[in-house]
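Counting from 1, position 201 in the sequence shown corresponds to residue 191 in the working numbering; the numbering is continuous, with no gaps.
Hints in this document: simulated from the structure, not taken from any laboratory. Note that the structure is predicted; figures quoted are calculated from it, not measured. Note that the Cβ used here is the ideal one computed from N, Cα and C, for glycine as well. Among these hints, one or two may not hold up.
Stated by the list, open to error - The following label-pair restraints were derived from C-beta to C-beta distances: (1) Lys281 with Glu352: 34 to 42 angstroms; (2) Val388 with Thr121: 34 to 42 angstroms; (3) Gln360 with Ala55: 41 to 49 angstroms; (4) Val159 with Met57: 21 to 29 angstroms; (5) Val39 with Ile(-6): 37 to 45 angstroms; (6) Val146 with Gln373: 35 to 43 angstroms; (7) Ala10 with Glu75: 19 to 27 angstroms; (8) Lys281 with Ser129: 36 to 44 angstroms; (9) Val27 with Gly372: 44 to 52 angstroms; (10) Gly73 with Ala392: 22 to 30 angstroms; (11) Gln373 with Glu96: 44 to 52 angstroms; (12) Ala55 with Glu351: 53 to 61 angstroms; (13) Ser49 with Gly348: 51 to 59 angstroms.
Said to hold, decoys possible - Here are the computed lysine-lysine pairs in the DSS-like style, where the Cα-Cα straight-line distance is at most 30 angstroms: (14) Lys41 with Lys15; (15) Lys197 with Lys244; (16) Lys204 with Lys117; (17) Lys244 with Lys(-8); (18) Lys41 with Lys204; (19) Lys281 with Lys41; (20) Lys85 with Lys117; (21) Lys116 with Lys14; (22) Lys17 with Lys116; (23) Lys46 with Lys117; (24) Lys46 with Lys258; (25) Lys117 with Lys14; (26) Lys14 with Lys46; (27) Lys197 with Lys281; (28) Lys(-8) with Lys74; (29) Lys274 with Lys361; (30) Lys197 with Lys258.
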Amino acid sequence: MKTIEGGVTAAAGYQAIGIAAGIKKGKKDMAMLYSQVPCRVAGTFTTNVVKAAPVKWDSEIVHGAGMARAVVMNSGIANACTGKEGMDCCEETAKAAGERLGIPREQVLVASTGVIGQQLPMELIKKGIDTMVPMLSESLGAGTLAAEAIMTTDTVKKEVAVQVELGGVTVTVGGMSKGSGMIHPNMCTMLAFITTDAAISRELLQKALGEDVKDTYNMISVDGDTSTNDTCLLFANGLAGNPEMTEENEDYRKFCQALHYVNTWLAKHMAADGEGASALFEVKVVGAQSKEQAVTLSKSVITSSLVKTAICGHDANWGRILCAMGYSGASFDPERVDLYFESSAGKLKIIENGVATGYSEEKATEILSQKEIRALIDVKMGQAEATAWGCDLTHEYVNINADYRS
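Kindly generate the complete structure, drawing on both the sequences and the hints.
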(Lines of atoms letter the chains of each structure in order from A and count residues from 1; the text may use other names and numbers.)
(Lines give C-alpha, C1' and ligand atoms only; values in the text may rest on other atoms or scores of the structure.)
Protein backbone atom coordinates (compact mmCIF):
# COMPACT_ATOMS: atom_id res chain seq x y z
CA MET A 1 0.00 0.00 0.00
CA LYS A 2 1.27 3.47 -0.84
CA THR A 3 -0.06 6.95 -0.22
CA ILE A 4 -0.69 9.04 -3.34
CA GLU A 5 -1.79 12.59 -4.01
CA GLY A 6 -5.50 13.36 -4.16
CA GLY A 7 -8.84 12.57 -2.59
CA VAL A 8 -12.23 11.53 -3.98
CA THR A 9 -11.13 11.86 -7.62
CA ALA A 10 -7.98 9.77 -7.23
CA ALA A 11 -9.81 6.52 -8.07
CA ALA A 12 -10.79 5.82 -11.68
CA GLY A 13 -14.15 7.06 -12.92
CA TYR A 14 -14.95 9.71 -10.32
CA GLN A 15 -15.54 13.39 -10.96
CA ALA A 16 -16.10 16.23 -8.52
CA ILE A 17 -16.34 20.00 -8.14
CA GLY A 18 -16.90 22.61 -5.45
CA ILE A 19 -18.30 26.12 -5.89
CA ALA A 20 -19.64 29.18 -4.08
CA ALA A 21 -23.40 29.01 -4.63
CA GLY A 22 -24.34 31.88 -2.32
CA ILE A 23 -25.47 29.91 0.74
CA LYS A 24 -22.50 31.29 2.67
CA LYS A 25 -21.33 34.74 1.68
CA GLY A 26 -18.06 34.69 -0.19
CA LYS A 27 -17.21 31.05 0.51
CA LYS A 28 -17.44 27.73 -1.31
CA ASP A 29 -20.60 26.03 -0.08
CA MET A 30 -21.73 23.40 -2.62
CA ALA A 31 -20.01 20.32 -3.97
CA MET A 32 -20.84 17.39 -6.19
CA LEU A 33 -19.34 13.92 -6.53
CA TYR A 34 -20.20 11.79 -9.56
CA SER A 35 -19.25 8.36 -10.87
CA GLN A 36 -19.24 7.66 -14.58
CA VAL A 37 -20.81 4.27 -13.88
CA PRO A 38 -23.23 3.05 -11.18
CA CYS A 39 -21.60 2.33 -7.82
CA ARG A 40 -22.30 -0.03 -5.01
CA VAL A 41 -22.62 2.17 -1.95
CA ALA A 42 -22.25 1.51 1.78
CA GLY A 43 -22.97 3.96 4.56
CA THR A 44 -22.98 4.63 8.27
CA PHE A 45 -24.97 7.40 9.89
CA THR A 46 -25.50 9.34 13.12
CA THR A 47 -26.74 7.54 16.22
CA ASN A 48 -28.52 10.72 17.33
CA VAL A 49 -32.30 10.16 17.58
CA VAL A 50 -32.70 13.56 15.91
CA LYS A 51 -31.66 12.79 12.33
CA ALA A 52 -31.36 15.39 9.59
CA ALA A 53 -33.38 14.97 6.41
CA PRO A 54 -30.32 14.04 4.28
CA VAL A 55 -29.49 11.23 6.72
CA LYS A 56 -32.98 9.79 6.27
CA TRP A 57 -32.83 10.15 2.48
CA ASP A 58 -29.41 8.50 2.19
CA SER A 59 -30.25 5.71 4.64
CA GLU A 60 -33.17 4.61 2.48
CA ILE A 61 -30.94 4.39 -0.60
CA VAL A 62 -28.00 2.70 1.14
CA HIS A 63 -30.15 0.14 2.92
CA GLY A 64 -32.48 -0.25 -0.05
CA ALA A 65 -31.09 -0.66 -3.55
CA GLY A 66 -27.56 0.14 -2.39
CA MET A 67 -26.66 1.75 -5.71
CA ALA A 68 -25.77 5.37 -6.42
CA ARG A 69 -23.86 7.55 -8.85
CA ALA A 70 -23.86 11.03 -7.37
CA VAL A 71 -23.86 13.08 -4.17
CA VAL A 72 -24.92 16.71 -3.89
CA MET A 73 -23.45 18.41 -0.82
CA ASN A 74 -23.92 21.79 0.80
CA SER A 75 -22.42 23.55 3.79
CA GLY A 76 -23.89 26.42 5.80
CA ILE A 77 -27.32 24.87 6.42
CA ALA A 78 -27.78 21.41 7.95
CA ASN A 79 -31.36 20.73 6.76
CA ALA A 80 -32.01 19.25 10.22
CA CYS A 81 -35.22 19.68 12.24
CA THR A 82 -36.91 20.93 9.07
CA GLY A 83 -39.90 18.57 8.92
CA LYS A 84 -41.60 17.56 5.68
CA GLU A 85 -40.19 20.57 3.85
CA GLY A 86 -36.69 19.33 4.62
CA MET A 87 -37.43 15.91 3.14
CA ASP A 88 -39.04 17.56 0.12
CA CYS A 89 -35.81 19.53 -0.35
CA CYS A 90 -33.82 16.29 -0.47
CA GLU A 91 -36.14 14.88 -3.13
CA GLU A 92 -36.10 18.13 -5.09
CA THR A 93 -32.30 18.25 -4.97
CA ALA A 94 -31.98 14.63 -6.11
CA LYS A 95 -34.49 15.18 -8.89
CA ALA A 96 -32.73 18.30 -10.18
CA ALA A 97 -29.32 16.61 -10.11
CA GLY A 98 -30.68 13.45 -11.70
CA GLU A 99 -32.20 15.38 -14.58
CA ARG A 100 -28.99 17.32 -15.24
CA LEU A 101 -26.83 14.17 -15.00
CA GLY A 102 -29.24 11.90 -16.86
CA ILE A 103 -29.57 9.40 -14.01
CA PRO A 104 -32.48 8.31 -11.79
CA ARG A 105 -33.05 10.52 -8.75
CA GLU A 106 -32.91 7.32 -6.66
CA GLN A 107 -29.19 7.20 -7.48
CA VAL A 108 -28.52 10.69 -6.12
CA LEU A 109 -27.52 11.04 -2.48
CA VAL A 110 -27.53 14.35 -0.60
CA ALA A 111 -25.54 15.69 2.34
CA SER A 112 -25.77 18.90 4.34
CA THR A 113 -23.85 20.49 7.18
CA GLY A 114 -24.27 23.77 9.01
CA VAL A 115 -26.89 25.52 11.12
CA ILE A 116 -29.76 23.38 12.42
CA GLY A 117 -33.36 24.47 11.89
CA GLN A 118 -33.04 26.53 8.73
CA GLN A 119 -34.63 25.52 5.42
CA LEU A 120 -32.44 25.12 2.35
CA PRO A 121 -32.63 27.94 -0.23
CA MET A 122 -33.72 25.69 -3.06
CA GLU A 123 -33.31 28.28 -5.80
CA LEU A 124 -29.64 28.57 -4.87
CA ILE A 125 -29.30 24.79 -4.60
CA LYS A 126 -30.78 24.27 -8.09
CA LYS A 127 -28.64 27.01 -9.60
CA GLY A 128 -25.64 25.45 -7.93
CA ILE A 129 -26.44 22.07 -9.49
CA ASP A 130 -26.83 23.69 -12.93
CA THR A 131 -23.45 25.36 -12.47
CA MET A 132 -21.62 22.30 -11.16
CA VAL A 133 -22.65 19.61 -13.65
CA PRO A 134 -20.72 21.02 -16.64
CA MET A 135 -17.76 21.75 -14.36
CA LEU A 136 -17.38 18.16 -13.10
CA SER A 137 -13.81 16.95 -13.54
CA GLU A 138 -11.61 13.94 -12.80
CA SER A 139 -8.71 16.21 -11.88
CA LEU A 140 -7.21 16.10 -8.40
CA GLY A 141 -7.81 19.84 -8.19
CA ALA A 142 -11.55 19.33 -8.66
CA GLY A 143 -11.54 16.88 -5.77
CA THR A 144 -9.79 19.49 -3.64
CA LEU A 145 -12.43 22.09 -4.52
CA ALA A 146 -15.11 19.66 -3.33
CA ALA A 147 -13.22 19.06 -0.07
CA GLU A 148 -13.04 22.81 0.50
CA ALA A 149 -16.72 23.36 -0.26
CA ILE A 150 -17.97 21.05 2.52
CA MET A 151 -15.99 22.86 5.24
CA THR A 152 -17.86 24.77 7.95
CA THR A 153 -15.72 25.77 10.94
CA ASP A 154 -12.92 23.55 9.60
CA THR A 155 -9.67 25.43 9.14
CA VAL A 156 -8.12 23.01 6.61
CA LYS A 157 -9.42 20.69 3.90
CA LYS A 158 -9.16 16.98 4.57
CA GLU A 159 -8.42 14.59 1.70
CA VAL A 160 -6.24 11.51 1.27
CA ALA A 161 -5.73 8.61 -1.16
CA VAL A 162 -3.86 5.30 -1.24
CA GLN A 163 -3.23 2.50 -3.72
CA VAL A 164 -3.03 -1.22 -3.12
CA GLU A 165 -2.60 -4.23 -5.42
CA LEU A 166 -5.54 -6.65 -5.47
CA GLY A 167 -5.46 -9.70 -7.72
CA GLY A 168 -2.54 -8.24 -9.66
CA VAL A 169 -4.41 -4.99 -10.31
CA THR A 170 -3.77 -1.56 -8.79
CA VAL A 171 -6.80 -0.36 -6.84
CA THR A 172 -7.24 3.14 -5.43
CA VAL A 173 -9.11 4.26 -2.31
CA GLY A 174 -9.56 8.00 -1.81
CA GLY A 175 -11.57 10.15 0.54
CA MET A 176 -12.48 13.55 1.87
CA SER A 177 -14.20 14.66 5.05
CA LYS A 178 -15.26 17.64 7.09
CA GLY A 179 -15.65 17.96 10.80
CA SER A 180 -14.46 20.37 13.45
CA GLY A 181 -17.14 20.78 16.11
CA MET A 182 -20.19 18.89 17.42
CA ILE A 183 -17.96 15.84 17.25
CA HIS A 184 -18.38 12.89 19.57
CA PRO A 185 -18.69 9.11 19.20
CA ASN A 186 -20.49 7.37 17.82
CA MET A 187 -19.72 9.06 14.55
CA CYS A 188 -19.29 12.80 14.79
CA THR A 189 -20.45 15.98 13.12
CA MET A 190 -18.81 14.81 10.03
CA LEU A 191 -19.36 14.19 6.40
CA ALA A 192 -17.00 11.63 4.93
CA PHE A 193 -17.00 10.41 1.34
CA ILE A 194 -14.78 7.49 0.34
CA THR A 195 -14.38 6.38 -3.27
CA THR A 196 -12.75 3.29 -4.70
CA ASP A 197 -12.48 1.72 -8.12
CA ALA A 198 -12.33 -1.75 -6.55
CA ALA A 199 -14.79 -4.44 -7.55
CA ILE A 200 -16.42 -5.73 -4.37
CA SER A 201 -19.79 -7.13 -3.41
CA ARG A 202 -22.30 -4.85 -1.73
CA GLU A 203 -22.34 -7.08 1.36
CA LEU A 204 -18.57 -6.96 1.84
CA LEU A 205 -18.47 -3.24 1.13
CA GLN A 206 -20.94 -2.54 3.95
CA LYS A 207 -19.16 -5.00 6.25
CA ALA A 208 -15.78 -3.36 5.63
CA LEU A 209 -17.10 0.13 6.36
CA GLY A 210 -19.31 -0.86 9.28
CA GLU A 211 -16.47 -2.62 11.10
CA ASP A 212 -13.85 0.02 10.36
CA VAL A 213 -15.81 3.02 11.71
CA LYS A 214 -15.63 1.41 15.14
CA ASP A 215 -11.86 1.95 15.26
CA THR A 216 -11.73 5.26 13.36
CA TYR A 217 -14.59 7.77 13.30
CA ASN A 218 -16.18 6.32 16.42
CA MET A 219 -12.94 6.86 18.33
CA ILE A 220 -12.72 10.64 17.94
CA SER A 221 -14.23 13.38 20.07
CA VAL A 222 -13.95 17.15 20.14
CA ASP A 223 -16.73 18.39 22.39
CA GLY A 224 -19.03 15.56 23.46
CA ASP A 225 -21.89 16.52 21.12
CA THR A 226 -23.17 13.93 18.64
CA SER A 227 -24.41 15.60 15.46
CA THR A 228 -27.73 15.22 13.64
CA ASN A 229 -26.02 14.96 10.24
CA ASP A 230 -23.21 12.40 10.56
CA THR A 231 -22.80 10.59 7.28
CA CYS A 232 -20.04 8.37 5.92
CA LEU A 233 -20.54 7.02 2.40
CA LEU A 234 -18.30 4.51 0.63
CA PHE A 235 -18.62 4.09 -3.16
CA ALA A 236 -17.19 1.26 -5.27
CA ASN A 237 -17.51 1.42 -9.07
CA GLY A 238 -15.35 -1.59 -10.03
CA LEU A 239 -13.46 0.25 -12.78
CA ALA A 240 -10.04 -0.95 -11.58
CA GLY A 241 -10.88 -4.34 -13.07
CA ASN A 242 -9.74 -6.50 -10.16
CA PRO A 243 -11.44 -9.87 -9.60
CA GLU A 244 -14.59 -9.01 -7.66
CA MET A 245 -14.24 -9.61 -3.94
CA THR A 246 -17.11 -11.80 -2.80
CA GLU A 247 -15.48 -13.52 0.17
CA GLU A 248 -13.18 -12.51 3.02
CA ASN A 249 -9.94 -13.55 1.36
CA GLU A 250 -6.47 -11.99 1.21
CA ASP A 251 -7.59 -9.32 -1.29
CA TYR A 252 -10.44 -8.33 1.02
CA ARG A 253 -8.02 -8.07 3.94
CA LYS A 254 -5.73 -5.80 1.93
CA PHE A 255 -8.69 -3.68 0.83
CA CYS A 256 -9.75 -3.31 4.46
CA GLN A 257 -6.24 -2.17 5.37
CA ALA A 258 -6.35 0.52 2.68
CA LEU A 259 -9.81 1.61 3.82
CA HIS A 260 -8.60 1.71 7.41
CA TYR A 261 -5.67 3.92 6.48
CA VAL A 262 -7.95 6.41 4.71
CA ASN A 263 -10.53 6.46 7.51
CA THR A 264 -7.88 6.75 10.24
CA TRP A 265 -6.16 9.60 8.43
CA LEU A 266 -9.41 11.51 8.01
CA ALA A 267 -10.53 10.80 11.59
CA LYS A 268 -7.25 12.00 13.11
CA HIS A 269 -7.22 15.16 11.00
CA MET A 270 -10.78 15.98 12.03
CA ALA A 271 -9.80 15.61 15.68
CA ALA A 272 -6.70 17.75 15.16
CA ASP A 273 -8.83 20.41 13.48
CA GLY A 274 -11.31 20.57 16.35
CA GLU A 275 -12.80 24.00 16.84
CA GLY A 276 -10.25 26.25 18.50
CA ALA A 277 -7.84 23.34 19.00
CA SER A 278 -4.09 23.85 19.24
CA ALA A 279 -3.09 20.18 19.56
CA LEU A 280 -4.11 16.66 18.57
CA PHE A 281 -4.44 14.52 21.70
CA GLU A 282 -4.18 10.74 21.26
CA VAL A 283 -4.94 8.30 24.06
CA LYS A 284 -3.80 4.70 23.67
CA VAL A 285 -4.80 2.13 26.27
CA VAL A 286 -2.80 -1.10 26.25
CA GLY A 287 -2.74 -4.18 28.47
CA ALA A 288 -6.52 -4.25 28.67
CA GLN A 289 -8.56 -7.31 29.49
CA SER A 290 -10.80 -6.79 26.45
CA LYS A 291 -11.18 -4.47 23.45
CA GLU A 292 -14.38 -3.13 24.99
CA GLN A 293 -12.55 -2.17 28.19
CA ALA A 294 -9.77 -0.44 26.25
CA VAL A 295 -12.30 1.48 24.13
CA THR A 296 -14.26 2.62 27.18
CA LEU A 297 -11.18 3.81 29.05
CA SER A 298 -9.61 5.64 26.12
CA LYS A 299 -12.87 7.38 25.19
CA SER A 300 -13.45 8.48 28.76
CA VAL A 301 -10.05 10.17 28.90
CA ILE A 302 -10.34 11.79 25.48
CA THR A 303 -13.77 13.30 26.30
CA SER A 304 -12.90 14.68 29.75
CA SER A 305 -13.14 18.48 29.76
CA LEU A 306 -10.67 18.66 32.64
CA VAL A 307 -8.13 16.53 30.80
CA LYS A 308 -8.63 18.58 27.62
CA THR A 309 -8.06 21.86 29.45
CA ALA A 310 -4.94 20.43 31.09
CA ILE A 311 -3.60 19.58 27.64
CA CYS A 312 -4.42 23.13 26.54
CA GLY A 313 -2.34 24.44 29.44
CA HIS A 314 0.52 21.96 28.79
CA ASP A 315 -0.06 20.72 32.34
CA ALA A 316 0.83 17.10 33.21
CA ASN A 317 -2.17 16.84 35.54
CA TRP A 318 -2.23 13.05 35.50
CA GLY A 319 -4.78 12.85 38.33
CA ARG A 320 -7.43 14.04 35.88
CA ILE A 321 -6.63 11.12 33.59
CA LEU A 322 -6.96 8.55 36.38
CA CYS A 323 -10.18 10.25 37.47
CA ALA A 324 -11.65 10.01 33.96
CA MET A 325 -10.71 6.34 33.81
CA GLY A 326 -12.31 5.80 37.21
CA TYR A 327 -15.76 7.07 36.23
CA SER A 328 -15.72 5.39 32.80
CA GLY A 329 -17.59 2.34 34.05
CA ALA A 330 -14.74 -0.02 33.17
CA SER A 331 -13.16 -2.02 35.98
CA PHE A 332 -9.39 -1.79 36.51
CA ASP A 333 -6.89 -1.53 39.36
CA PRO A 334 -5.62 2.07 39.58
CA GLU A 335 -2.64 0.87 41.61
CA ARG A 336 -1.32 -1.05 38.61
CA VAL A 337 -1.61 1.72 36.01
CA ASP A 338 1.43 3.11 34.18
CA LEU A 339 1.09 6.38 32.25
CA TYR A 340 3.44 7.93 29.71
CA PHE A 341 3.26 11.24 27.84
CA GLU A 342 5.05 11.41 24.51
CA SER A 343 5.42 13.73 21.51
CA SER A 344 8.13 14.88 19.13
CA ALA A 345 9.87 16.31 22.21
CA GLY A 346 10.33 12.89 23.79
CA LYS A 347 8.66 10.31 26.03
CA LEU A 348 8.24 10.52 29.80
CA LYS A 349 6.88 8.05 32.33
CA ILE A 350 4.51 10.04 34.53
CA ILE A 351 3.12 7.39 36.89
CA GLU A 352 4.06 3.81 37.68
CA ASN A 353 1.64 1.51 39.45
CA GLY A 354 -0.65 4.46 40.10
CA VAL A 355 2.00 6.64 41.76
CA ALA A 356 3.94 9.61 40.39
CA THR A 357 7.48 8.78 39.24
CA GLY A 358 9.12 12.02 40.31
CA TYR A 359 9.24 13.15 36.68
CA SER A 360 10.49 16.55 35.56
CA GLU A 361 7.61 19.02 35.28
CA GLU A 362 9.69 21.07 32.85
CA LYS A 363 10.20 18.09 30.53
CA ALA A 364 6.52 17.17 30.81
CA THR A 365 5.53 20.71 29.82
CA GLU A 366 7.89 20.57 26.85
CA ILE A 367 6.34 17.29 25.67
CA LEU A 368 2.81 18.63 26.12
CA SER A 369 3.60 21.83 24.21
CA GLN A 370 3.81 20.07 20.84
CA LYS A 371 1.14 19.91 18.11
CA GLU A 372 0.61 16.16 18.52
CA ILE A 373 0.57 14.55 21.98
CA ARG A 374 -0.01 10.98 23.10
CA ALA A 375 -0.96 9.53 26.46
CA LEU A 376 0.00 5.85 26.66
CA ILE A 377 -1.83 4.03 29.45
CA ASP A 378 -0.99 0.46 30.48
CA VAL A 379 -3.57 -1.15 32.79
CA LYS A 380 -1.67 -4.49 32.91
CA MET A 381 -4.67 -6.79 32.67
CA GLY A 382 -4.31 -8.49 29.27
CA GLN A 383 -3.38 -8.03 25.60
CA ALA A 384 -6.20 -5.85 24.24
CA GLU A 385 -5.73 -2.22 23.22
CA ALA A 386 -7.56 0.74 21.68
CA THR A 387 -6.72 4.25 20.53
CA ALA A 388 -8.90 7.36 20.68
CA TRP A 389 -8.24 10.83 19.28
CA GLY A 390 -9.32 14.25 20.43
CA CYS A 391 -7.94 17.72 20.98
CA ASP A 392 -7.40 20.28 23.67
CA LEU A 393 -10.19 22.60 24.84
CA THR A 394 -9.38 26.28 24.40
CA HIS A 395 -11.01 29.67 24.89
CA GLU A 396 -11.40 29.86 21.11
CA TYR A 397 -13.83 26.91 21.13
CA VAL A 398 -16.23 28.99 23.22
CA ASN A 399 -15.77 32.02 20.96
CA ILE A 400 -16.51 30.01 17.81
CA ASN A 401 -19.66 28.39 19.16
CA ALA A 402 -20.97 31.45 20.96
CA ASP A 403 -20.96 33.30 17.63
CA TYR A 404 -21.86 30.38 15.33
CA ARG A 405 -25.19 31.76 14.07
CA SER A 406 -24.32 35.43 14.28
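Next on the checklist: Flag every earlier hint the structure violates by its number, smallest first.
Outcome noted: 16, 28
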